[in-house]
Each structure stands twice: as C-alpha cells, then as structure tokens.
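K.L.:
In my numbering, the protein residues as written are 1 to 70.
These aren't lab readings, by the way, just hints derived from the structure by calculation.
Be careful, since some hints might not be right.
[Stated by the list, open to error] Computed spacing ranges between beta-carbons, pair by pair:
1. R9 with P42: 26 to 32 Å
2. G3 with K66: 36 to 42 Å
3. A22 with Q52: 18 to 24 Å
4. G5 with A67: 21 to 27 Å
5. Q55 with R16: 18 to 24 Å
6. G32 with A10: 35 to 41 Å
7. P42 with G3: 46 to 52 Å
Here the structure is a predicted model, which is why all the values come from computation and not from measurement.
The beta carbon of each residue, even a glycine, is placed where N, CA and C say it ideally should be.
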Amino acid sequence: MSGRGVWLRARARLRRFPAALAACGDQAAAYGRCVAAAAAGPAELRRDACLQEFQALRECFARAAKATPK
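From just these sequences and the hints, can you work out the full model?
P.N.:
Given below as structure tokens:
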C-alpha cells in the first residue's frame, strides 16, 4: 500500500490555496484586523474574540475551494 496518492492529493489542495486566499481577501483582512485589535490590549487574546470574522473567512474558503477547479 503506497502513500504516494495521499501526498499527491495534499499537494493539489495546497496548490489551490492561493486562489482561495485571493478570493477571500476582504474576510481575511477583517479577521486580521479583529485579531490585531484584540491582541493589542493588555488582556490576553480570548478564544472566541473574533469568532464571527473567523466563521466568515472559513465560509469564504469553503466556497472558494468548491469553485476552484481541481
């Protein structure tokens, strides 16, 4: 049993990642701003501090991954 097929599929998914990231620039920027703002204060960064922005980014990645040809 060869693991080569697994690595080929993983590489193919990674090659599609830049296109998905480019399609979700607004959501990625909003999430980044939220994390930066939450981490800038004296308190520690809470786990769900930017949950809404993260979910929007995750949904955008999922849509972009489905739309990206294999």
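K.L.:
Going back to the hint list, which numbers does this structure go against?
P.N.:
Checked against the structure, the hints that fail are numbers 1, 2, 6, while the rest are satisfied.
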